[in-house]
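S.K.: Spelled out, the chains give:
Number of protein chains: 2
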Amino acid sequence: MTPSCELCAGPGGRLVHDDGQLRVIMVDEPDYPGFVRVVWNAHVREMTDLTAVERAHLMQTVFVVERAQREVLCPHKINVASLGNLTPHVHWHLVPRFEDDAHFPKPIWAEPVRGADADALKQRQALVPALTRAIATALGSADG
Amino acid sequence: MTPSCELCAGPGGRLVHDDGQLRVIMVDEPDYPGFVRVVWNAHVREMTDLTAVERAHLMQTVFVVERAQREVLCPHKINVASLGNLTPHVHWHLVPRFEDDAHFPKPIWAEPVRGADADALKQRQALVPALTRAIATALGSADG
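Chains A and B, in that order, are what the protein sequence lines are. Using the working numbering, read the first sequence as starting at 1 and increasing by one per residue. Using the working numbering, read the second sequence as starting at 145 and increasing by one per residue.
Simulated from the structure, these hints should not be mistaken for lab results. Please read all numbers here as calculations on a predicted model, not as lab measurements. Here a beta-carbon is modelled for each residue, glycine too, at the ideal position from N, C-alpha and C. Be aware that a few hints might be false.
DSBU-like mimics (lysine-lysine), calculated; alpha carbons at most 35 Å apart, straight line [what the hints assert, rightly or not]: (1) K106/A to K122/A; (2) K106/A to K266/B; (3) K266/B to K122/A; (4) K250/B to K106/A; (5) K250/B to K266/B.
Just a sample of chain A residues kept apart from chain B, beta carbon distances all over 10 Å, derived [said to hold, decoys possible]: (6) T2; (7) G13; (8) H43; (9) H76; (10) N79; (11) L86; (12) A110; (13) L127; (14) V128.
Computed footprint of chain B on chain A; a stretch qualifies when at least three of its residues, placed anywhere within it, have a C-beta under 8 Å from a C-beta of chain B [stated by the list, open to error]: (15) 53-59; (16) 62-70; (17) 101-108.
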């Protein structure tokens with residue numbers, strides 16, 4: 001627990017699953033419906049600060065989320081990243097990408113190249129409850 | 145093998161290690177000495193298209209590289225990402241980040257926020273041969 005760390009101070013989004021070691025949260029970023037983060041609960045800086053067993057558990061969870069995103073949203077591509085330059089507390093971004101999204105084909109951290117299509121966003125937003133259930137069910141969460 | 149894919153057509157950088165299933169390459173990006181990519185050799189789109197055993201092998205390799213980068217370069221943070229919007233062939237970017245680098249604290253795909261310090265880059269560039277050896281040795285490569 002590091003009080004100045006935003007991922008220690010709060011969940012960091014809408015909680016979908018928490019097994020004590022890690023949590024899965026919905027990011028609710030308007031341009032990216034279905035954007036999920038998987039956060040290691042303890043304040044650990046890098047993946048290689050975890051044990052091999054902890055790393056495997058975290059990555060397995062990341063890929064359960066990826067699979068659910070693919071099944072529910074059918075994106076063009078999934079972007080997966082652990083950055084943490086400002087918040088050095090291990091967390092993975094999982095971003096479903098579509099050819100009509102605001103940054104495609106660039107990473108979401110680049111400048112946007114277009115306004116995202118409002119109808120497409122609305123359709124994807126409507127699938128977020130199903131994605132939430134799919135993740136919770138796949139991870140055996142009580143709220144699944 | 146997909147002929148139009150640049151990661152099928154060539155190694156994609158200076159080869160450090162290849163075990164048949166995957167390869168490790170030095171990216172030689174001037175602003176980011178020690179930038180490494182781990183590339184799955186077969187043309188596979190997403191991590192969840194691999195088997196669990198293949199995924200574990202790939203991620204273990206990614207984290208061997210991360211550990212070597214930390215030991216040799218002592219970066220502020222490691223950024224790890226699988227994007228592939230333009231090249232949908234599984235590959236991981238591993239980018240050692242420093243507070244004086246061109247994009248810090250932003251991801252390297254954002255607009256640069258400063259010119260990188262030439263002396264710092266030179267010092268880091270001088271460590272790339274040691275990083276190459278450390279990765280090859282850790283992965284048991286013949287050229288280690």
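S.K.: Against each hint, give a clear statement of whether it holds in the structure.
M.R.: Consistency of the hints with the structure:
no., hint, in the structure
1, K106/A to K122/A, "holds (22 Å)"
2, K106/A to K266/B, "holds (29 Å)"
3, K266/B to K122/A, "violated (49 Å)"
4, K250/B to K106/A, "holds (15 Å)"
5, K250/B to K266/B, "holds (22 Å)"
6, T2, "holds (15 Å)"
7, G13, "holds (19 Å)"
8, H43, "holds (14 Å)"
9, H76, "violated (7 Å)"
10, N79, "violated (5 Å)"
11, L86, "violated (5 Å)"
12, A110, "violated (5 Å)"
13, L127, "holds (18 Å)"
14, V128, "holds (19 Å)"
15, 53-59, "holds (count 3)"
16, 62-70, "holds (count 4)"
17, 101-108, "holds (count 4)"
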